[in-house]
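Residue numbers (the UniProt record's numbering), protein chains in the order written: chain A, 1 to 158; chain B, 1 to 202; chain C, 1 to 170.
Worth flagging that the hints you see were computed from the coordinates, not collected in a lab. Quick caveat: nothing in here was measured; it's all calculated off a predicted structure. Some hints here could point you the wrong way.
[As the list claims (entries may be wrong)] Stretch-level coverage of chain B by chain C, calculated; a stretch enters the list once three of its residues show a Cβ under 8 Å from a Cβ in chain C:
#, stretch
1, 27-41
2, 44-56
3, 164-174
Beta carbons are placed, not taken as given, at the ideal position from N, Cα and C, and that holds for glycine.
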Amino acid sequence: MAIYSFWVFDRHCNCIFDREWTLKSNQSSGTTNSKLNEDTAKLLYGMVYSLRSISQKLAGNEAHNEIRTIATGKYRAHILCTASGLWFILLSDLKQEDLSHVLRYLYGEIYVKTVAHNWLSPIDFAESEAEKRGQGFRKIRNRNFLLRVEQFLGPMVN
Amino acid sequence: MSSSTNNTPVPSTSSKKSLKVFSDDIWKNKTAKINAELFTLTYGSIVSQLCTDYERDFAKVNNQLYSMGYNIGVRLIEDFLARTALPRCDSLARTSEVITICAFKVFLNVTPQVGNWSSNKDSFSLFLEENPLSEFVELPMDAAKELWYSNILCGVLKGALEMVQMDCDVWFVNDVLKGDQTTELRIKLNRVLKDEIPAGED
Amino acid sequence: MPCYFAIIGAKDNPIYEAEFTSPQLNQFPPELKELNPFILHASLDIVEDLQWQTHPQAGGNTSTSGGFLRSRHSASNSNCYLGKIDHFYGLAITAYLSYGNMKFVMIHSSNSNNGAPVQIEDGPVKSFYQEVHELYVKTLMNPFYKLNDPITSPVFDNRVRALAKRYLTR
């Protein structure tokens with residue numbers, strides 16, 4: 001089982017968390033919230049955004065035609081879009097057919113419990129209008145969130 | 001590049017009855033419970049402390065409760081969505097069912113009745129037959145006119161609905177604590193908000 | 001029989017009082033009526049004595065089950081009821097003590113004017129106290145009520161009077 005990276009986007013189209021285990025910029029297994037990832041985040045967002053709107057248009061009047069996975073030649077993207085506008089995206093190797101249960105866990109057991117239920121943590125990461133619509137730069141900084149993501153996904157990386 | 005999608009993420013909850021079964025299960029198996037008296041007393045002490053702190057200016061207390069509720073709502077919705085995995089509602093009628101049968105059940109273990117739909121179907125009322133927040137409560141004389149004791153509920157609904165892109169007004173119409181026959185809470189949908197799109201995409 | 005009932009707070013401050021009479025029954029004589037609060041307060045010392053007693057009283061007071069402190073050995077609140085604790089010229093005084101040190105005290109007057117001492121029926125009187133205690137706890141749960149404040153709620157008053165009708169002034 002191989003997971004390459006994990007991304008969270010908020011309702012303002014901003015990437016509020018990213019973790020790429022494939023980046024070997026330092027000796028540890030990767031870097032958290034790397035500056036290098038900003039362009040990758042935008043491209044990933046764009047890809048999911050486009051396919052998501054196409055799939056919804058193709059569904060016609062029937063609502064809720066959510067995109068779940070996208071496979072390319074090199075990796076598979078697993079996507080969870082919540083009704084509140086959060087996107088959780090995992091990139092894995094092609095052998096992983098369905099990681100929706102992993103995404104559900106990341107959302108329900110980790111994000112909700114360490115961010116949404118943590119009253120001293122912000123829930124909206126855009127602090128002004130200028131930081132909305134993909135222009136934001138703030139990330140989830142909660143230690144518990146970072147730790148639990150690492151504990152949960154770490155063993156699945158390779 | 002191939003993509004796979006799914007038409008009905010939660011097929012089991014499409015009808016009202018299965019939504020009830022589904023919600024009962026969440027209440028029974030996925031919800032941590034606390035003692036009802038502790039809950040009621042906690043909320044009561046907040047309200048009565050606010051009345052003291054705002055020198056019995058009940059309009060201010062109402063506002064404060066509302067904004068506390070709003071802050072709860074914007075967080076609680078994530079908890080709700082994580083537990084239920086429900087998609088956005090396709091009609092306000094569906095929203096009213098999800099709020100009463102599912103959300104109130106899961107968080108307060110009560111199921112309010114829906115009624116008083118406006119003719120253009122953009123607003124409705126929730127009738128709370130029992131209100132776990134206000135058990136034991138008797139309003140003092142000076143508060144009976146102005147104070148909406150459970151106003152926090154309006155804020156919670158406002159905040160939660162806003163997070164699923166529904167801009168609503170939520171307010172109390174009646175409260176048995178004030179001597180009314182029913183406890184009635186009104187929800188009016190102003191508009192459905194558009195999801196944000198990245199700058200430069202429009 | 002007509003009764004005068006009061007709840008006395010921890011600082012000997014009355015927080016609720018009521019007189020239970022009914023048209024068919026004798027009333028408190030006007031000159032005695034004014035004395036009721038005094039008679040009642042005079043018996044508080046006895047309540048406090050009983051409160052710290054660890055052993056049942058030897059003989060005499062048959063209606064009491066003994067010292068309040070014994071109740072730590074039993075799970076029920078039956079020891080809260082102290083029974084008849086005092087008398088005053090043909091009036092009998094009963095008391096009930098909550099674990100929060102609220103004193104429920106009542107003066108019972110006789111139905112007849114022949115000066116015969118009042119007979120206390122412990123059963124109904126105890127039930128009355130226990131149910132009033134329950135109402136008091138509910139009042140305490142109201143976030144707008146502060147401990148040791150006078151109880152002004154008409155709902156409480158009505159309920160206590162209904163209990164009195166059921167248990168005392170039949």
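Verification of the hints:
{"no.": "1", "hint": "27-41", "verdict": "holds (count 3)"}
{"no.": "2", "hint": "44-56", "verdict": "holds (count 5)"}
{"no.": "3", "hint": "164-174", "verdict": "violated (count 0)"}
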